[in-house]
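**Q** Listed below are the residues making up each chain.
Number of protein chains: 2
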Amino acid sequence: MPTTTALRLPSASPAPAPLLVVGSVAFDDIETPFGQGRRILGGSASYASLAASYFAPVRLVGIVGHDFSAADRERFLRRGIDLTGLQTDLSGPTFFWAGRYHDNFNRRDTLATELNVFAQFRPELPPAWRQTPLVLLANIGTDLQHHVLDQVEGRPFVVADTMNLWINLMPDLLRRLLPRVHLLVLNEEEAAQFTGEPNPWLAGERLRAMGVPSVIVKMGSHGALLLHPEGRFALPAYPVTDVRDPTGAGDAFAGALAGYLAATGSTGLPALRQGMVYATAAASFTVEAFSCERLEAAGPDGLAARHAELLRLVAV
Amino acid sequence: MPTTTALRLPSASPAPAPLLVVGSVAFDDIETPFGQGRRILGGSASYASLAASYFAPVRLVGIVGHDFSAADRERFLRRGIDLTGLQTDLSGPTFFWAGRYHDNFNRRDTLATELNVFAQFRPELPPAWRQTPLVLLANIGTDLQHHVLDQVEGRPFVVADTMNLWINLMPDLLRRLLPRVHLLVLNEEEAAQFTGEPNPWLAGERLRAMGVPSVIVKMGSHGALLLHPEGRFALPAYPVTDVRDPTGAGDAFAGALAGYLAATGSTGLPALRQGMVYATAAASFTVEAFSCERLEAAGPDGLAARHAELLRLVAV
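Protein chains in written order, with the numbering used here: chain U, 1 to 316; chain C, 1 to 316.
Please keep in mind that the hints were generated in silico from the structure rather than gathered at the bench. It is possible that some hints are incorrect.
Chain C residues, not near chain U, derived (Cβ > 10 Å throughout) [unchecked claim]: (1) S13; (2) I40; (3) A98; (4) R107; (5) A112; (6) L115; (7) Q131; (8) L165; (9) N168; (10) G196; (11) A209; (12) T267; (13) R273.
A few chain U residues facing chain C, derived, Cβ under 10 Å [what the hints assert, rightly or not]: (14) L225; (15) F233; (16) P239; (17) R273.
The following residues of chain U were derived to be distant from chain C, with all beta-carbon distances above 10 Å [unchecked claim]: (18) T110; (19) H147; (20) R175; (21) G223; (22) G231.
Ideal placement from N, C-alpha and C gives every residue a C-beta, glycine not left out.
Please take these sequences and the hints and turn them into a complete structure.
**A** Pasting the structure below:
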C-alpha cells in the first residue's frame with residue numbers, strides 16, 4: 001500500500017498487519033429524495049475495504065462478473081487494496097441491487113436484487129492469506145461467513161457484520177457464528193430483531209451471552225454503543241447535515257474499525273474506542289455522496305480532521 | 001439548604017448562587033405498560049427544583065390548590081427548597097394531569113388535563129427574589145415565561161424549557177422569548193416542529209439564529225446535543241435499562257443543569273458540558289420510578305456515581 005494514502009496513526013505499529021475483507025462487490029441503482037445513482041459501485045466489501053485501506057493493507061475476497069471493468073478495479077488498486085482474492089466469473093454480470101429511500105431516509109424499499117455471479121460465490125482464500133491476523137466478515141450470507149472461518153489459520157481476531165436478511169433466513173447459523181467471532185457489529189433494529197430485546201444495551205448483553213465477547217450496536221444518526229469485556233463505550237454520530245445516500249455507511253464503519261485494529265495491532269477497549277471514532281468519521285463521509293465517492297475523496301487528511309472534530313465534540 | 005443534601009462539586013463556588021425555578025406543580029395519574037401511579041407529585045417545577053436542589057439553593061415559584069398537603073410541601077422543604085414563592089389558592093384543587101404511555105414509551109396519550117387553580121396563575125416574584133442570578137423558566141405557558149422575565153432585575157442567566165403545546169398555541173410569543181433567553185432546552189421533535197428542520201444540529205442552528213445564544217436538543221434515550229457560542233457538544237444518554245415512567249425526565253434534566261450552573265457560577269462551554277452530564281444522571285433516575293421518587297432517593301452520592309459512570313462511558 002502506498003504509504004501516502006494511509007493515516008499516520010500515533011499508535012500504529014511500524015508494519016501494520018494486513019486485514020482480510022470478505023463480502024459482496026456490487027453495482028447499485030439508488031434513488032433518494034435528493035437524486036439517483038445508476039450502476040454505481042456498491043457492496044459490503046467495496047465500502048469496507050475502501051474505508052479500511054486508510055489504515056492497513058487490505059486483502060479483498062469477493063466475486064465480480066463480466067461487466068466489472070478495469071476502471072472499477074482501479075478504484076481499489078489506487079487505494080492499495082490487494083485484489084488477488086477477487087474472483088472474476090465471466091459467465092454473468094456482477095451482483096446488482098436497486099433500492100429507493102423515502103421519508104428522510106427512514107425507510108428503504110428494495111426494487112431489485114439480482115444475485116448474478118454472486119449466486120455461485122464460495123469465498124476461497126488464497127493460501128497465503130489464510131494466516132491474516134485480522135478478518136472482517138463484511139455483510140454477506142452467514143453460511144459464507146462460516147465458510148471463510150473454516151479456512152482461516154492461526155487465531156485471527158474476527159469482526160463480523162450482518163443484516164436483517166440473514167437474521168430472518170439463517171438465525172441458527174448466525175447463533176452458531178457468534179462463538180467463532182470476537183466482535184459483532186450490527187444496527188439497533190437488527191439487534192432487537194435477533195434478541196427480542198428493544199433496549200440496545202440489553203440486546204448487546206444478550207448477544208454477548210450467546211458467545212461473542214464484544215458487540216457494537218450502531219444507531220445511525222444517534223451514534224453507536226460498544227460492549228466489551230473490559231467495559232462499555234457510547235459514541236454520538238458525527239453531525240452530518242447533508243445526507244445524500246446512506247447506503248454503505250455501516251460497511252464503511254466496520255471496515256474503518258477493522259482497519260484501525262489491524263494497524264494498531266490492538267483489540268483492547270482503548271483501541272476499539274479510537275477505532276469507533278475513525279469508523280464514525282468514515283461512515284459520515286460515506287453518506288454525503290452516492291457510492292464510495294466521498295469516502296474515496298476524503299483522503300487520510302479528511303478522515304484525520306473528522307476524527308479530531310469528533311474527539312472535540314464528545315470531550316467533557 | 002442543608003449542605004449534607006448537596007453534591008460536593010470541585011468547581012462549585014463556596015456560596016453557590018441561588019436558582020429561581022418557575023413552573024407547574026401538579027398531581028398526575030399515570031399509566032405505563034409496567035404499572036400506574038395515582039395523584040402522584042408532578043409538574044415541571046417539581047421535577048426541576050428537586051433535581052436542582054442537589055446543586056444550589058432553589059427558589060420555587062408556582063401555584064397549588066387546597067389539596068396540596070403539608071406532606072407534599074415537606075418533600076420540597078426536605079431538600080432545602082424555598083417555598084416563599086409557592087402560592088396557595090384555596091379556591092380549587094392543584095393542577096391535575098392524567099396520561100397513558102404505550103408501545104415501550106414511544107407514544108403518550110393525555111387522558112385528562114384539569115388546570116384548576118393553575119388557570120389563574122400569574123407568577124409573581126417575591127421582591128427579594130427579583131435579583132436571582134440564575135433563572136429557570138421550566139415548562140409552562142410562554143406568556144407566563146415572559147411575565148417572569150418582565151419582573152427580574154439585574155442581568156440573570158435565563159434557561160428556558162418549552163413543549164409542543166406552546167409551540168402550537170403561541171409560536172409568536174416563543175419566537176419573541178428566544179432573544180430574552182440565554183439557553184433553550186427542548187427535545188428533538190419540538191425543535192423540528194418549531195423550525196421545520198428535522199436534523200437536530202440544523203434545527204439548533206436555526207433557533208440560535210432567532211436570537212438564543214445556546215440550545216440543547218434532547219433526544220431521549222439517544223442523548224443530547226449542545227450548540228453554544230464557544231462550540232458544540234454531544235452526549236449519549238445514561239444506559240437506563242429499566243424505564244418505569246418517563247414523565248419529568250426533561251424537567252429534571254433542565255433543573256439539574258440550571259442548578260449546576262448556579263452552583264459553579266459559570267455558563268461557559270465547559271460548565272455546560274459538565275452540567276449536561278449531571279442533567280443526564282438526574283434524568284436517568286427520574287425515569288426509573290413514578291413521580292420524583294428515584295430522583296429524591298438518589299441522593300448526592302447517587303448522582304455523583306452516575307456522573308462518574310457517564311464520564312467513563314464517553315471517554316475516548
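**Q** Work down the list of hints and note, for each, if the structure agrees.
**A** Against the structure, the hints:
Separation of C/S13 from chain U is adequate, the least Cβ-Cβ distance of about 20 Å exceeding the 10 Å criterion. At the 10 Å boundary, the C-beta of C/I40 stays outside the reach of chain U, the nearest C-beta of that chain being 25 Å off. Once the 10 Å rule is applied to beta carbons, C/A98 is consistent with being away from chain U; the minimum gap is 26 Å. Against chain U, the non-interface label of C/R107 holds: every CB pair exceeds 10 Å, the least being about 14 Å.
At the 10 Å boundary, the C-beta of C/A112 stays outside the reach of chain U, the nearest C-beta of that chain being 29 Å off. The claim that C/L115 lies off the interface holds: its Cβ sits roughly 35 Å from the closest Cβ of chain U, which is beyond the 10 Å cut-off. Every CB of chain U is more than 10 Å from the CB of C/Q131 (nearest about 32 Å), matching its label as outside the interface. At roughly 24 Å, the least C-beta separation between C/L165 and chain U is larger than 10 Å, which holds for a residue marked as non-interface.
Against chain U, the non-interface label of C/N168 holds: every CB pair exceeds 10 Å, the least being about 22 Å. Every CB of chain U is more than 10 Å from the CB of C/G196 (nearest about 12 Å), matching its label as outside the interface. The claim that C/A209 lies off the interface holds: its Cβ sits roughly 14 Å from the closest Cβ of chain U, which is beyond the 10 Å cut-off. Here C/T267 stays apart from chain U, with its beta-carbon at least about 16 Å from theirs, past the 10 Å limit.
Distance check on C/R273: its Cβ comes as close as 5 Å (rounded) to a Cβ of chain U, failing to clear the 10 Å threshold; non-interface status is violated. A distance limit of 10 Å between C-beta atoms decides the matter here; for U/L225 the minimum to chain C is near 8 Å, and the interface restraint holds. For U/F233, the interface hint holds, since its Cβ comes within 10 Å of a Cβ in chain C; the closest pair sits about 7 Å apart. Interface hint at U/P239: satisfied, since its Cβ lies 5 Å from the closest Cβ of chain C, which is below the 10 Å cut-off.
With 10 Å as the threshold, the beta carbon of U/R273 comes within range of chain C, its nearest partner Cβ sitting at about 5 Å, so the hint holds. For U/T110, the shortest C-beta to C-beta distance to chain C comes to about 24 Å, beyond the 10 Å cut-off, and the non-interface label holds. No Cβ of chain C comes within 10 Å of the Cβ of U/H147; the nearest lies about 36 Å off, and the non-interface call holds. The Cβ of U/R175 lies farther than 10 Å from every Cβ of chain C, with a closest approach of about 23 Å, so its non-interface assignment holds.
The non-interface label for U/G223 is inconsistent with chain C: the shortest C-beta to C-beta separation is roughly 6 Å, within 10 Å. Once the 10 Å rule is applied to beta carbons, U/G231 is inconsistent with being away from chain C; the minimum gap is 7 Å.
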